[in-house]
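Enquirer: So the chains spell out like this:
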Amino acid sequence: MEPIIRVRELYKVFGPDPAEGLRMLQEGLDKDAIFERTGNTVGVRDCSLDIGEGEIFVVMGLSGSGKSTLVRLLNRLIEPTAGTVEVRGQNVTAMSPRELIRLRTEDLAMVFQSFALMPHKTVIDNAALGLEIAGIGRARRRERALEALEQVGLKAYARSYPDELSGGMQQRVGLARALATDPSIMLMDEAFSALDPLIRTEMQDRLLELQREHRRTVVFISHDLDEAIRIGDRIAIMQGGEVVQVGTPKEIIAAPANEYVRSFFHGVDITQVFRAGDIMDSADIPLLAGDTSVAEARNRIARVPGNEAVIVDDDGRFRSVVPGKRLAELTPDRSASEVAVTAEPVAEEMPLADLPGRAAHSPVSIPVIDGDGRFCGLVTLPRLVEALDRNRSAATANGDA
Amino acid sequence: MEERINIPVGEWVETAVDWILDNLEPALDGIAWFLGLLTNSFEAGLTAVPAWLLALVLVGLSWWRVSWRFGIFAILALGLILGMDLWDPTVKTLSLVLAAALVALLIGMPLGVAMSRSNTVEAMVRPVLDLMQTMPPFVYLIPAAIFFGLGTVPGAIATVVFCMPPVVRLTNLGIRQVNREQIEAGLAFGCNRRQLLLKIQLPLAMPSIMAGINQTIMLALSMVVIASMIGAGGLGNTVLTGIQRLDVGLGFEGGLGVVILAILLDRITQSVGQRRSRAGAG
Numbered sequence: 003m004e005p006i007i008r009v010r011e012l013y014k015v016f017g018p019d020p021a022e023g024l025r026m027l028q029e030g031l032d033k034d035a036i037f038e039r040t041g042n043t044v045g046v047r048d049c050s051l052d053i054g055e056g057e058i059f060v061v062m063g064l065s066g067s068g069k070s071t072l073v074r075l076l077n078r079l080i081e082p083t084a085g086t087v088e089v090r091g092q093n094v095t096a097m098s099p100r101e102l103i104r105l106r107t108e109d110l111a112m113v114f115q116s117f118a119l120m121p122h123k124t125v126i127d128n129a130a131l132g133l134e135i136a137g138i139g140r141a142r143r144r145e146r147a148l149e150a151l152e153q154v155g156l157k158a159y160a161r162s163y164p165d166e167l168s169g170g171m172q173q174r175v176g177l178a179r180a181l182a183t184d185p186s187i188m189l190m191d192e193a194f195s196a197l198d199p200l201i202r203t204e205m206q207d208r209l210l211e212l213q214r215e216h217r218r219t220v221v222f223i224s225h226d227l228d229e230a231i232r233i234g235d236r237i238a239i240m241q242g243g244e245v246v247q248v249g250t251p252k253e254i255i256a257a258p259a260n261e262y263v264r265s266f267f268h269g270v271d272i273t274q275v276f277r278a279g280d281i282m283d284s285a286d287i288p289l290l291a292g293d294t295s296v297a298e299a300r301n302r303i304a305r306v307p308g309n310e311a312v313i314v315d316d317d318g319r320f321r322s323v324v325p326g327k328r329l330a331e332l333t334p335d336r337s338a339s340e341v342a343v344t345a346e347p348v349a350e351e352m353p354l355a356d357l358p359g360r361a362a363h364s365p366v367s368i369p370v371i372d373g374d375g376r377f378c379g380l381v382t383l384p385r386l387v388e389a390l391d392r393n394r395s396a397a398t399a400n401g402d403a
Numbered sequence: 002m003e004e005r006i007n008i009p010v011g012e013w014v015e016t017a018v019d020w021i022l023d024n025l026e027p028a029l030d031g032i033a034w035f036l037g038l039l040t041n042s043f044e045a046g047l048t049a050v051p052a053w054l055l056a057l058v059l060v061g062l063s064w065w066r067v068s069w070r071f072g073i074f075a076i077l078a079l080g081l082i083l084g085m086d087l088w089d090p091t092v093k094t095l096s097l098v099l100a101a102a103l104v105a106l107l108i109g110m111p112l113g114v115a116m117s118r119s120n121t122v123e124a125m126v127r128p129v130l131d132l133m134q135t136m137p138p139f140v141y142l143i144p145a146a147i148f149f150g151l152g153t154v155p156g157a158i159a160t161v162v163f164c165m166p167p168v169v170r171l172t173n174l175g176i177r178q179v180n181r182e183q184i185e186a187g188l189a190f191g192c193n194r195r196q197l198l199l200k201i202q203l204p205l206a207m208p209s210i211m212a213g214i215n216q217t218i219m220l221a222l223s224m225v226v227i228a229s230m231i232g233a234g235g236l237g238n239t240v241l242t243g244i245q246r247l248d249v250g251l252g253f254e255g256g257l258g259v260v261i262l263a264i265l266l267d268r269i270t271q272s273v274g275q276r277r278s279r280a281g282a283g
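Those protein sequences? They're chains A and B, same order as listed. Quick note on numbering: the first sequence equals residues 3 to 403 in the working numbering. Quick note on numbering: the second sequence equals residues 2 to 283 in the working numbering.
The set of hints was computed from the structure by calculation and includes no laboratory data. The model shown is predicted, which means the values in this text are computed figures rather than measured ones. Quick reminder that beta carbons are idealized off the backbone N, C-alpha and C, glycines included. Hints are not guaranteed to be accurate.
In silico DSSO-like links for lysine-lysine, alpha-carbon gap of 30 Å or less [unchecked claim]:
1. A:K157 with B:K200
2. B:K200 with A:K123
3. A:K123 with A:K157
Heads up, incomplete: computed chain B residues facing chain A, CB under 7 Å, no partners named [what the hints assert, rightly or not]:
4. T121
5. Q178
6. E182
7. E185
8. A186
9. L188
10. F190
11. C192
12. P204
13. P208
14. A212
Input sequences plus hints: build the corresponding full structure.
Expert: This is how it looks when you write it as structure tokens:
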């Protein structure tokens, strides 16, 4: 898939002599040494990223790691010192002011940590700001702003002023302002960080809901790991201006690139991150029909490492699990289904945290089905214990570090 | 004998004034013509309106923009001015204040915007503003009288110079204090430089700019009174006559007129900067 945003070898050095700072960076000096010698601050260092169309891409790091600088380099609120940013193949870094303004009005929208609403404008006129700047007539832009306010559930407050709303509502106005211009890319800079935890979760849900209705590319800056895992399709972790790791939440948890990333994930409950679909066995499970004989079932099970078979119907929908050892109780010509256990299947998305309870009450492995009820795989007890143990040992390793 | 050092700053200034008189006369005439036109139009306009109508407008503004209590105060205060037979000098002073403040705002606000956009401009203008504000106001009267003679026009010019600094400073300050994320919001949604100024910076700086306008108008009023010494007329003239005749009563009456005008102008201009409380919101 062609990435919608392509960042290549991007650098940003702030200070009296950015070119000198850049040269020293490329010679391999570190941030502190450069600041000491030249007074230049390194914002972003050798950053290359591909962000795919329609994904929520979270950039995470501690304050000062360069994540806010990075997002401002994407729409050139900050001029890069070196490197390129491309949006849909157009080189943003080389754009003329006119082209840049067109890109900002048509393709990119931004949501800010402090909301950055205009206190002298009503909610609807705030939501219409981007359209007003783009030169769209009053009636038309108010109509579109009202649609955007409806999407964030604030239609009733259109005539209020921002200072009459709570923080969460103000940020929904900020979100509506971004949505009103119908951008293909939304840049969200710590958009929910100033909100109370409960409101923050609510806003995350709303964002995910909006994504389900209309997929946009979202670049989301955050320092909150739970938020990143919750909403991020992929996460980039920044440290000292550098992107140290990019991947899905699971990939990063499974193999953190360094100690910094590992420490970031300290205390994260991976039983909420991993799901039944992630730890199930799907290969080498014999699939039987309802009338399969005991002889054939024994035969099929003997050929695979596991000790269970699964009975499915003609459409592949799960029926029951056949435990191998109980087949011995029957004569070979009987039907295997006579000893089958109709275990209650779980969905692929069920969090790891909910599986032990199921396993405890089931004489067989936990069957996993997809949204249509078709059989996907089995979560065996050893698999489950292994996954839970990894969570525990990861936490202990961090505790010692 | 020790020789005294004497840097002839005064002589230099005189030379400069002479040079300006000799070489820039057309420019001076142009300024005088423009200001004369402006002050005369304001005065003609305000005196053409019947006293009761002008008073009604002022009371109406006080009532509507400030409060009903202030409206009642305005009725009593304007009644007092009419009763003291000071209506004509008050209108003359008001028209001078409005004309001078208007010119000061027309020059001062763009200058403040220019200062906010460039540190170099700010560094150059700031000391000039300091000079304009700390120089005793009487000093402006001398060159004004030399260049423009006596009368309303030199009074208006001295007033323009004296009352301009607050609006310049507060426009500059207001724009510079606009929150960085709000500027970024404007830019991120595609503002060009003009849109950024008109749609983001000026509206957000407006409380500060309005404070500057209020201060400029108040300074204009105080200077207009002083400018009566070179024949600007108005309430200052009443005070001046009181001083010359050692007539305490007349001086006090003139002073009271100035105070009343000051209070009315102050409250009404202050109220312009605030969002009106929305009656029957919802």
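Enquirer: None of the hints should be skipped; say for each whether it holds.
Expert: Comparing the hints with the structure gives:
no.: 1; hint: A:K157 with B:K200; result: holds, 24 Å
no.: 2; hint: B:K200 with A:K123; result: holds, 11 Å
no.: 3; hint: A:K123 with A:K157; result: holds, 15 Å
no.: 4; hint: T121; result: violated, 18 Å
no.: 5; hint: Q178; result: violated, 13 Å
no.: 6; hint: E182; result: holds, 4 Å
no.: 7; hint: E185; result: holds, 5 Å
no.: 8; hint: A186; result: holds, 4 Å
no.: 9; hint: L188; result: holds, 6 Å
no.: 10; hint: F190; result: holds, 4 Å
no.: 11; hint: C192; result: holds, 5 Å
no.: 12; hint: P204; result: holds, 5 Å
no.: 13; hint: P208; result: violated, 9 Å
no.: 14; hint: A212; result: violated, 15 Å
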